[in-house]
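With chain A's structure known, arrange chain B on it following the hints.
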Amino acid sequence: MIEPEHLFIFGSIMLVTWFLFTYNWPRMILYVFKRAILGKGFGDGPIPINTLHTEPQTLFADPIHPPASASNLATTGVNRDTLLTVGVLDLSKGPQVLHVPDMNSRYYSVQFTDPSNNTVFAYVGRRTTGTEAGDYLITGPNRKGQAPSGMKQISSPNNSVLVLGRVLVESDVDLSNAHHLAEQIRFTPLSQEGSV
Amino acid sequence: MSGRTYTYLAALDGVIIGFFFVYSFFFNPNSRTVRNDVVQGFLIGFGLAFVTAQIYARIKTKKINGWTTMFGCGEPGNGFLFRAACAQVFPGPINVQKEAMYWTTDVDGPGHLLSGEHDYIMHFPAGQLPPNDAFWSLTMGDEHNRFVPNPINRYSVSDRSGLVPNADGFIDIYIQNAAPAGHESNWLPAPAGKFILWLRVYQPGAAILNGEYHVPPVVKVK
Chain A
1 MIEPEHLFIF GSIMLVTWFL FTYNWPRMIL YVFKRAILGK GFGDGPIPIN TLHTEPQTLF
61 ADPIHPPASA SNLATTGVNR DTLLTVGVLD LSKGPQVLHV PDMNSRYYSV QFTDPSNNTV
121 FAYVGRRTTG TEAGDYLITG PNRKGQAPSG MKQISSPNNS VLVLGRVLVE SDVDLSNAHH
181 LAEQIRFTPL SQEGSV
Chain B
197 MSGRTYTYLA ALDGVIIGFF FVYSFFFNPN SRTVRNDVVQ GFLIGFGLAF VTAQIYARIK
257 TKKINGWTTM FGCGEPGNGF LFRAACAQVF PGPINVQKEA MYWTTDVDGP GHLLSGEHDY
317 IMHFPAGQLP PNDAFWSLTM GDEHNRFVPN PINRYSVSDR SGLVPNADGF IDIYIQNAAP
377 AGHESNWLPA PAGKFILWLR VYQPGAAILN GEYHVPPVVK VK
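From first to last, the protein sequence lines stand for chains A and B.
Here the first sequence is numbered in our numbering, starting from 1 and rising by one per residue.
Here the second sequence is numbered in our numbering, starting from 197 and rising by one per residue.
What the hints contain is simulated information worked out from the structure, not anything from laboratory work.
Built from N, CA and C at the ideal position, the CB exists for glycine as well.
Mimicking SDA-like on lysine to any residue, the simulated pairs with C-alpha atoms at most 20 Å apart in a straight line are: (1) Lys294(B) / Phe121(A); (2) Lys40(A) / Gly288(B); (3) Lys390(B) / Gly77(A); (4) Lys294(B) / Arg126(A); (5) Lys34(A) / Gly288(B).
Computed list of chain B residues with no C-beta within reach of chain A, every gap over 12 Å: (6) Leu208; (7) Gly312; (8) Gln324; (9) Ile367.
Chain A with its partners taken away, still in its complex shape:
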């Protein structure tokens, strides 16, 4: 029979491994997403940190023939409703300002996901903030102080943030219009926002 000390070592290692993998499963999956965004983007080049990029119109218009360079990010799964806009934020060097254009009651959402556990801590979009143009201050966990007037503040629990924008495409002829709107969802560092 097995000796107690072997059983103890085996059991402890097993329990710790079980917990660590279960606890970090969402983080590991989103790490793959972050690497894809920062490394390949939609196949048309890396998307730098603190910037957003919208999937190319051609990819949406002809999903059967994605470009050879397209990443899994853009070619896995089937979605013919919304143009996807993605980016990764690093708030450790200061807050970022999200600008959204007037969507004129079109469905859109900007989803702020905490990549450490795959939960959504905030939305900007039709359901939560309406479709008018606006500016939103995104701050990291260590930031104190007030947002500049006229700006709503969104506090992130994590300096790293995964951002997903979705803009509804009404029809084939609406695609370029929707793409134009999606490209106007942008981040700028707070320090570049005029007098603040």
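Chain B alone, transformed into the frame defined by chain A:
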């Protein structure tokens, strides 16, 4: 290989591996070293993490009329087991249910695998399209969850695709490989082989969020 065969083979593998594991672990003292303890502990712990997330996902998944979904993913207050289960069912940055609901199926109402060898319809009674404040869509994917080439370049049907109701107000969606004569406007082209379907509802209505609304089954007609 069908899903059921796969399950039986996986279970058989589990029994065989389990037998050798228990045997060498408990009845073969010569093989025990600290190194074995650590390596086996790590491997079994990893396997158990995967299995518990799978089992918990099964428990939390709602399956009605063949369609499966999960409520409550992505909320900041979720516990670590539930987060792991959500990550297995929807491996990506997910929406919370108030923003969007997703259902998927690879079977018809009675539970048989969907295949382009057959013709199917989805039958929405008048006023029973998925309630929403934004949009809904039904999207076709092949067995690897990729878009399906078809002569009319239609990859989904939705509230924007001009579905034509029957005289009684019902809306039938024809899910089949060949175009349905006289019903082309309501055709969702299927591949020749196996396929899956996704139903998305953005800004879902109260009847969806409180569980009253049931997605109608995919019905085999031929």
